[in-house]
Amino acid sequence: MKISIIDYGAGNLPSVERALRSLGAETECVTKPEQVAAARALILPGVGHFSAFVTGLRERNLTAALRQALAGGVPILGICLGLQAMFASSAEAPGEQGLDLIHENVQPLPTNVKSPHIGWNQLRRLRKSILLNEIPDAAYFYFAHSYAAAAGEPHTAAACDHGFPFAAVLEQENLMAVQFHPEKSGEAGSHVLRNFLEWAQ
Amino acid sequence: MTLARRIIPCLDVDAGRVVKGVEFAGLRDMGDPEELAARYNREGADELILLDIKASRDGRATFLETVRRVAQQLNIPFTAGGGIRRLEDGHAVLRAGADKVTLNTAAVERPELISELAAQFGSQAVVLSMDVKRTAAGWEVFIRGGAESSGHEAAAWAREGAARGAGEILLTSIDRDGTRSGFDCGLTATIAAQVSVPVIASGGAKTFDDFLAVFGEGHADAALAASIFHTAKHSIGALKKYLAGRGVPVRLSP
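As they're listed, the protein sequences go chains D and Y. Residues 1 to 201, numbered by the working numbering, are exactly what the first sequence covers, in order. Residues 1001 to 1254, numbered by the working numbering, are exactly what the second sequence covers, in order.
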């Protein structure tokens, strides 16, 4: 199956592409709404600033196309900022609208912990997870972010604690997202991508 | 559940080869960057840093090619730097496959470069590298590969760098670098207490106990070493097992 990776103009697409190809997936980078509409499975990777991200999507007319794909049941995996973009808004860019698939807000990490949260951390499973299927509980994943969405029902399958419990793995019907970088998380990260590919088949 | 302390091997490269000097001088050939990167990725390194130590304009294309080739070998985070003078230099390194870029001399000369890179690529992609030497004035930041004083006091410069958007501090003790006399834990703890961003300690690693000390009394979030890993005297996996056995949270490879 071909995986369509959304290219909104920034972000480290080559490492996501390489990680998927090493698992045998065919990939394409998409920049146009009609390509998103035709996609069988989507990946929304993101690094950098929330404002640049949602502006990049909007300027390419991808926001509506993404919402439609989601409503049509297309499997999608958001990565890092791609998870945060699923929310209504972010404190990083007040006034900018996210995709608003989850009607909550992304918050800054509190000042009593190191920020950015950079490095390898473990997850706390809240329920059975598709993306974490057969991955040991003790596995570490690589995070690099200064903002996060509070863990909550029904969307969060696994949380990570750094200042507050935040959504590290989000699974809600065909909408999946991870706050960590699976493409940078060694074997465990590769396993997450493989689980997504198998589930999206 | 705890954020793991990171072990970061560093590849100092010149003209497409890994080299190593003692106290910023006397370079020796240590091998092929792709081979070493693949080995460290396999052995459980938490990240890899690649530095262009000569950072000459003529060597730019060669360095970017090295970044590109090393990136292919990794499924862990990858930082590259050396000779990053403008926003475009940072962009080129990230486009070649690095996840983060390190700044050193250019950040001292034009601190706005830190903010420009952070605004464009996010703080998590900007690592402020500081080479620090103990002088009569205290801990002083040096530039141009340790050749020249910047006039900055280390803690003040670390705070300014973080305030301008650096997401991590790579702190190298010039006094200890290449001497294998242990990390400068006093310096590391001082800087770590001054900033809320993670601090990577560098310079002087020799024994496993040096790492234990820098994560303990040094309060480092990550520790970097080069030659002790290159010579295969110590494997990263063995180091991490040693640390885990002494209560340091580390990511053990499956």
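No lab work stands behind these hints: they were computed from the structure. All figures in this text were calculated on a predicted structure; none of them were measured in a lab. There could be a bad hint or two in this list.
[Claimed, not checked] Okay, derived cross-link-like pairs now, DSSO-like style, lysine-lysine, Cα gap no bigger than 30 angstroms in a straight line: (1) Y:K1233 <-> Y:K1020; (2) Y:K1133 <-> Y:K1233; (3) Y:K1233 <-> D:K114; (4) D:K114 <-> Y:K1133; (5) Y:K1206 <-> D:K114; (6) D:K2 <-> D:K128; (7) Y:K1241 <-> Y:K1206.
- Query: Okay, which hints does this one fail, numbers in order?
  - Reply: 3
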